[in-house]
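Asks: Residue 198 in the working numbering sits at position 149 of the first sequence, with consecutive numbering throughout.
Hints were generated in silico from the structure; no laboratory data involved.
Every value quoted in this text rests on a predicted model; they were computed, and no experiment measured them.
Hints should not be assumed to be uniformly reliable.
Each pair of labels, with its calculated beta carbon distance range [to be verified]: (1) Asn105 <-> Leu196: 22 to 32 Å; (2) Leu230 <-> Glu155: 34 to 44 Å; (3) Glu204 <-> Leu241: 34 to 44 Å; (4) Asn105 <-> Leu157: 36 to 46 Å.
The beta-carbon is built from N, C-alpha and C at its ideal position, and this holds for glycine as well.
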Amino acid sequence: MLTQAFYTNKNTIDVAKNLLGKILVTKMEGLVTKARIVETEAYCGITDKACHAYNNKRTKRTEIMFANGGVCYIYLCYGMHYLFNVVTNTINNPHAVLVRAVEPLEGLEIMQKRTGKKENDFTITKGPGNVTKALGITNNQNGYSLLQNTIYIEEDDFILSSKQIINTPRIGVHYAKEDALLLYRFFIKNNLFVSGKKIDNFAN
DNA sequence: CGACCGATCGTCT
DNA sequence: GACGATCGGTCGA
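Please construct the entire structure, taking both the sequences and the accompanying hints into account.
Replies: In structure tokens:
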């Protein structure tokens, strides 16, 4: 299991890159699922126009982002999808990393059942909405510590070289104006579970 | 393959 | 009352 120090790293870009290749584990109602993180996005605090905490915006929803790193921030997007974020940085520095895609490692049948997919193709955990659906994550787990055993992140001997990490602008943040251009999206090159249109994945 | 569109609801103004 | 850090289906080239 990754330790607190991993999450309180003040360089959120590094955390977003370091999360690639790590294993996201959920234990929901006795069901264990594990999946390798293959795509992330960094949301960097009160100066980042794409971040929900931009301009020091503290609301009931964003409050958890102001916590010390190592908890989850989960919210409902477009009224139908839960999106899972790792809160990073230290207290009152509301940074987070969105997990946009994972690759199933364990509990594939459980994921298939949860998502209602008829075939086990790469769409099962492609895209942030599908990630939470497959892993059984809802906003019931909002604020959960990643140092407990319901949701946590671990690592194995998977090695990722910096050459295999691609960066592009973030997806779906057009409203963030110039900050929409920041290269804060990271993914593993050539991984089939990575989300977005193909053209998005050749931007860099 | 790309463009478009509807579904759906908590949160904030 | 408006708006999303989305997804999957459909339509047309």
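Asks: If a hint holds in the structure, say so; if it does not, say that too.
Replies: The hints, checked one at a time:
Against the hinted window of 22 to 32 Å, the Cβ-Cβ separation of asparagine 105 and leucine 196 comes to about 27 Å, which satisfies the hint. The supplied range of 34 to 44 Å is met by leucine 230 and glutamate 155, whose beta-carbon atoms lie about 37 Å from each other. Between glutamate 204 and leucine 241 the CB atoms are about 21 Å apart, so this pair departs from the stated range of 34 to 44 Å. Distance hint check for asparagine 105 and leucine 157: the Cβ-Cβ separation is about 42 Å, which falls inside the suggested range of 36 to 46 Å.
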